[in-house]
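Starting from the known structure of chain L, arrange chains H and V on it as the hints suggest.
Chains as they are written, first to last, in the working numbering: chain L, 1 to 791; chain H, 792 to 952; chain V, 953 to 1214.
Read the hints as simulated data drawn from the structure, not as lab findings. Take the hints with a grain of salt, since some may be wrong.
Every beta carbon over 12 Å from chain H, so not counted as near; a handful from chain V, in silico [unchecked claim]:
no., residue
1, Ser963
2, Gly1046
3, Asp1050
Computed list of lysine-lysine pairs in PhoX-like fashion (alpha-carbon distance at most 20 Å, straight line) [as the list claims (entries may be wrong)]:
no., chain 1, residue 1, chain 2, residue 2
4, V, Lys1032, H, Lys809
5, L, Lys449, V, Lys1207
6, L, Lys244, L, Lys537
7, L, Lys274, L, Lys302
8, V, Lys1207, L, Lys452
9, L, Lys181, L, Lys349
10, V, Lys1207, H, Lys907
11, L, Lys653, V, Lys990
12, V, Lys1032, H, Lys911
Think of the CB as a built atom: it goes at the ideal place given N, C-alpha and C, for glycine as much as any other residue.
Now for the letters of each chain:
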Amino acid sequence: MPKDHGIGASQKRREDVRFLTGAGNYTDDINVHGQAYVHFLRSDMAHGKINSIDTSAAEGMPGVVRIFTGKDFEGVGGLPCGWQVTDKNGDPMKEPPHPVLAQGKVRHVGDPIAAVVADSLEQARTAAEAIVVDIEELPAVVDMAKALQSGATKVHDDLADNLCYDWQFGTDTATTDAAFKNAAHVTTLELVNNRLVANPMEPRVAVGDYSRANDEHTLYTTSQNPHVIRLLMGAFVLGIPEHKLRVVAPDVGGGFGTKIFHYAEEAFCTFAAKACNRPVKWTSTRSEAFMSDAHGRDHVTKIELALDADNNFLAVRTDTLANMGAYLSTFSSSVPTWLHGTLMAGNYKTPAVQVNVKAVFTNTVPVDAYRGAGRPEATFQLERVIDKAARELGVDPIALRRQNFITQFPYATPVAVEYDTGDYEATMAKMEELMDIPGFAARRAESEKNGKLRGLGVNCFIEACGIAPSNLVGQLGARAGLYDAATVRVNATGSISVMVGAHSHGQGHETVFPQVVAEMLGIDESMVDIVHGDTSKIPFGMGTYGSRSLAVCGSAMVRATEKIINKAKKIAGHLLEASDSDIELKDGKFTVAGTDKSVAWGDVTLAAYVPHNYPLEEIEPGLEETAFYDPANFTYPAGAYACEVEVDPDTGKVTIEKFVSADDFGNVVNPMIVEGQVHGGIAQGIGQALLENCAYDENGQLLSASYMDYAMPRADDIPHMANYVVDHSCQTPCTHNPLGVKGCGEAGAIGSPPTVVNAVIDALHSGGHTHVNHIDMPVSPSRVWAAINGQ
Amino acid sequence: MTKVTMTVNGKTVSGEVKGNTLLTEFLREDLRLTGTHVGCDTSQCGACVVHVNGEAVKSCTMFAAEADGAEVKTIEGMANADGSLSVIQQAFQDYHGLQCGFCTPGMVMSAAALLKENPKPTEAEVRDYLEGNICRCTGYHNIVRAIMAASGQDVPAVAAE
Amino acid sequence: MYSFDIQRPTSVADAVAALGAEEAQALGGGQTLIPTLKQRLAAPSVLVSLGAIAEIKGVCTGDDGALCIGGGTTHATVAKEAASSYPALASLAGHIGDPAVRNRGTIGGSLANNDPSACYPAAALGSGATIVTNTRSIAADDYFQGMFATALEEGEIITEVRFPVPEKATYMKFEQPASRFALVGVFVAKYADGVRVAVTGASEDGVFRWTEAEAALSSNFSADAVPAAPSGDGMISDLHGSGAYRAHLVAVMTKRAVAAAG
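If we strip away everything but chain L, and leave its shape as in the complex, we get (with noise of 0.2 Å):
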């Protein structure tokens, strides 16, 4: 029988009811009295040069409070980046100033060129129509590869030209090329990782407050992590101290990476609350969303691997363009470098593994983090150029990835990282079991019977998750430790409130964390509540990504929960006169060992708080504990997926007729949690291969502006229950966190993708059309149909 209560159980979440009847409390729902609005005027070009920007007849309009342009932010910090990276010569990262409006310069398409502040939104956006803005424009930078000719026009005047870094890692070129050489066979591969947009329903919202009374600020935002808003806002762009500073992330509606970074409009209602001395508010439109959101993906890459004679990966070599748009956004440096190249060894014990990535300015919005980010790109590269090479070596994809399966742990890979433990061969097996791959072929003629054609895609993933212990990111760029942090409060009456740094929007922290709780307690998961979400409320806490918050803050949690126990133990030792070390703690009773001497939670956690009989020379009253953790390594999620597509050779037109991962997560919370984070993982992962494409025209106009022409997965997109199995049952418990838990987060994007392309290319081959080895992202019906009739 399945749990009922704690660890292990599939309990229903409790931020559901508020949900589910409209008593959510969102970034929107949040209106300060007296509050006035803020329309951005954004850049309609992508390179331009500002000649002047004229106000004046826009300051008389009605409603009008204040307009600020780029001037007024001249004595403020940019937009840091939390991650430098060093290039292969040792230098650092070219780092272009950010600012929170634009000077001198617009960079890309929805670049702010002012702001206007006034009574009413509609009365800001129609003085913003009043402002006169002359630039003069440049051609824009849009291809990478065009972005690094020489001569090419700069998107920042001041650097030398539009590389931001050189990297390379792993494997030396001496070793690297040598294993080339001798290679029996080298299959090549060139391929696009498509830009994305990662489009959380809830558009994103800034609402700045401050109060002259006593100097303090607030900013509630559509934010992941809170806290990193505050010490980036607060530290570098501001200067406001952080005890003056709080940051507020009620109910955030999704994430996926596009809400942990620091964006200009939080920078900008913070400032304009105290200039206006008014609270300001700004909400985004979709249509701005997608133009001033952090983009993700957009990688151009070329990988080679090379095989012995018996089909032994003896090297990979990568060489990637990694797009980081007009500015380098929170966290951007670091998704094509270390959260990419260090997941290029894959699931193989691959001897040599060379990376290599050029990071380019371009005319376009800033690219960063998107769920998976730079685990899916790499994910993508190798699975695809191993599927490629199954193909012309006539061998199975599934035996070739199998033969060179990591088995041994701890690994240390060519690449950095150190693998603590996995079972790659249990979850290709759970997949082959699940997929009923021998029912394969007639499942294939029943399609080929309608005209269509099948194909089978698999593929393995790992991933570095639970980001990250602080002295290895340290070494690698990280400008921050990336640890976090819980405060358990046990209350008078046994009620527990738990402060964490993790924030949770849409991952049922809310009821996940208490299970945990109650469970190393033993009383009812009622009795615990999380508080998330206010840098006022909660000690520290690096916040939601990377698939982190149960690994990270969770063992955080832990320990301070260990930390209560051990208190606990003491303050029943005294009213059981009897030493802490003979206590028991067990369902919530605290029990001598060994006696039917025993004192309810609640006794303990009363006398804790109003001490009539207690030990007040050795313990202090009071029972609440902080820990901060920080992770030994990553945690190594990795699973097996498998794709069954019908493609329509008439249209080009693909569905997914059965899908099926195995994923290994380690320990497991909440079962239906967990799945529910694969399916819209995997949803995204199909999206990404199907459907979304964020394009630019040459002129850096962007194409796909809204819903309009970005092609969300709907409903229809997906395969029906009976052909759709998400496993977890693999689960090899993380070796280095309390609760052996790795993160499931991520996992669904970084598996799906090759999984759906390697299916249509085995589509296409069943049918006929050998010739078409790739087909870029998303793998859209025309590009189907160009692909099988050679356009």
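Using the frame of chain L, we list chains H and V on its own:
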């Protein structure tokens, strides 16, 4: 400004609106019914779906003035009279049909409209009906499962152990 | 949105009068117009909502057997009420946009807007429908005048659309993956005096009749008779497909429509 009067979740309400006031703005700002959300500006995401005279509509693509005299129902009016979750709401919780909760009000309103006109939809019909409701978190799987379950049909249990 | 007043007349006459005001604009279901207004791409002084005019709503059969649909009739109503009399048209209406859009969007609004990727223009042209306004009747062949362009005069309101009911008909839509509008949609209708084939989504000139296919199918109504794909010249080429791809889909969808019509 025009005066509008409508019934919202069973209560008669009135207010002064401008010509360009959207129904969703009237609900969220004037009535403080913030459960109805706005996720796009091209009438596609469906986070703003409410019922007007019993039919699902996108309240961000209808003017408040056009709802004068109408019966409007929002997510705030979907629970049972005693405050407990309705069958559809309960199914969304039971089958984990929501994560961040932002699209959820629109999903529930669309699901209710579907089950009113088609009490036992097939899975394909559910998926088709949700064309105008975008969810970025759940991958739809558990939303579909919840709606099927709410219609009294057997669905696989959540989180098979 | 810019500021504007909104009026809700209850008769065609009042609506026409209201539309006489400077910069007045008619508002059908608003499913396209309101997003346009949000982008501030239009600045009417007054919007004249046609939603309260009972006389332009509903579906009925005329004395000549034609299916008559009031200009203010929603897609959802057509999907239901035309299901037995003109199933292909009802099915087309039942697949425009999504359910919530179909509850507001109207046939008159769609035809007045004449989006090059909308479905209704294909049905109207493919059926040889008559667009009836407050002042006149316009044959579909004369009505559509290119992308977003129609024969409507300023202030003219579509009160009714009259569809001759064919022996058999089908609409086949290949959806653009993002908007779910027609990337290519083909409406094939077989009448006693010949076959009509209307194509939406494909051409830079908006909905058009594929006359080669009409001729071929009029003599042999079978999928095999559908001619080779038309030229891709003049076809829309964008993020979602080239002109050549759209041209190819015109033939594929026509064949499928004929096959489905039986």
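Results of checking the hints against the structure:
1. Ser963: Given a closest Cβ separation of 17 Å, the condition holds.
2. Gly1046: 10 Å, violated
3. Asp1050: Per Cβ check, Asp1050 (chain V) is inside 12 Å of chain H; nearest 3 Å; violated.
4. V:Lys1032 / H:Lys809: Status violated; Cα separation ~34 Å.
5. L:Lys449 / V:Lys1207: It holds: about 18 Å lies between the C-alpha atoms, which stays within 20 Å.
6. L:Lys244 / L:Lys537: 14 Å, holds
7. L:Lys274 / L:Lys302: Distance of about 50 Å is beyond 20 Å: violated.
8. V:Lys1207 / L:Lys452: Holds, at roughly 16 Å.
9. L:Lys181 / L:Lys349: 19 Å, holds
10. V:Lys1207 / H:Lys907: 37 Å, violated
11. L:Lys653 / V:Lys990: This hinted pair is violated, its Cα atoms lying about 33 Å apart.
12. V:Lys1032 / H:Lys911: At roughly 18 Å apart (the allowed maximum being 20 Å), Lys911 (chain H) and Lys1032 (chain V) satisfy the hint.
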